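Colleague: Spelled out from the first residue to the last, the chains are:
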Amino acid sequence: KNQVEQSPQSLIILEGKNCTLQCNYTVSPFSNLRWYKQDTGRGPVSLTIMTFSENTKSNGRYTATLDADTKQSSLHITASQLSDSASYICVVSFNFGNEKLTFGTGTRLTIIP
Amino acid sequence: KAGVTQTPRYLIKTRGQQVTLSCSPISGHRSVSWYQQTPGQGLQFLFEYFSETQRNKGNFPGRFSGRQFSNSRSEMNVSTLELGDSALYLCASSFGSGIYQEETQYFGPGTRLLVL
Chain Y
1 KNQVEQSPQS LIILEGKNCT LQCNYTVSPF SNLRWYKQDT GRGPVSLTIM TFSENTKSNG
61 RYTATLDADT KQSSLHITAS QLSDSASYIC VVSFNFGNEK LTFGTGTRLT IIP
Chain V
1 KAGVTQTPRY LIKTRGQQVT LSCSPISGHR SVSWYQQTPG QGLQFLFEYF SETQRNKGNF
61 PGRFSGRQFS NSRSEMNVST LELGDSALYL CASSFGSGIY QEETQYFGPG TRLLVL
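One line per chain: the protein sequences are Y and V, in this order.
FYI, the numbering for the first sequence is 1 to 113, going by the numbering used here.
FYI, the numbering for the second sequence is 1 to 116, going by the numbering used here.
None of these hints come from the bench; they were simulated from the model.
Every value quoted in this text rests on a predicted model; they were computed, and no experiment measured them.
All C-beta atoms, glycine included, are put in the ideal place defined by N, C-alpha and C.
Warning: the hint list may mix true and false statements.
To be verified - Interface residues of chain V toward chain Y, partial, derived using beta-carbon atoms under 10 angstroms: (1) Gln37; (2) Gln44; (3) Glu52; (4) Gln54; (5) Gly58; (6) Gly96; (7) Glu103; (8) Thr104; (9) Phe107; (10) Gly108; (11) Leu113.
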């Protein structure tokens, strides 16, 4: 079982709508949790980085939240645009003597006009 | 400021051959890390170099190796290619506090390798 699970696997929403992507993890405690956006055929782009002690981090229309009790992180996208169509990847970094980088399998988001 | 560049962008090899991929980091960045991305396994960490030394390593066989030069440019080598090595190989650079720290990594466009 993957230590970082993302849901849904894919999502289709209308332009202008909001959406929320989920990342559930079992690695705990961890150093930081990152969200990346990856356009088709391109490398990932960093959206947010949160440490274990942070609850929320925003980057424009992207807001990531973290609930350490339920071991969940969410990425909320507001007022979606066609350019938001991409894969979104959650990455958990564990750095306490036994360093480990664990990637989620991603959520494929499609925005339709 | 130029971004991370990777060459070549596309590559076709046959089983048993070896391949070398190149990555030029953003100017001033001293850390370069490499990742493999496949549809089945997603993104996986290969290794990280800092100041010409391998600082961290993922769970890949010894056929995968790398090095970093004094100008921070890095190369990755895969020997005795297997069909399963077909993937997008991404490199990322950062100033240098490390892949496990809260430092933004900047990814290149990747090299797509097809092994026949």
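Colleague: If a hint holds in the structure, say so; if it does not, say that too.
Modeller: Taking the hints in turn, this is what the structure says about them:
no.	hint	in the structure
1	Gln37	holds (9 angstroms)
2	Gln44	holds (7 angstroms)
3	Glu52	violated (20 angstroms)
4	Gln54	violated (13 angstroms)
5	Gly58	holds (7 angstroms)
6	Gly96	violated (15 angstroms)
7	Glu103	holds (8 angstroms)
8	Thr104	holds (5 angstroms)
9	Phe107	holds (3 angstroms)
10	Gly108	holds (5 angstroms)
11	Leu113	violated (14 angstroms)
Hints 3, 4, 6 and 11 from the earlier list are contradicted by this structure; the remaining hints agree with it.
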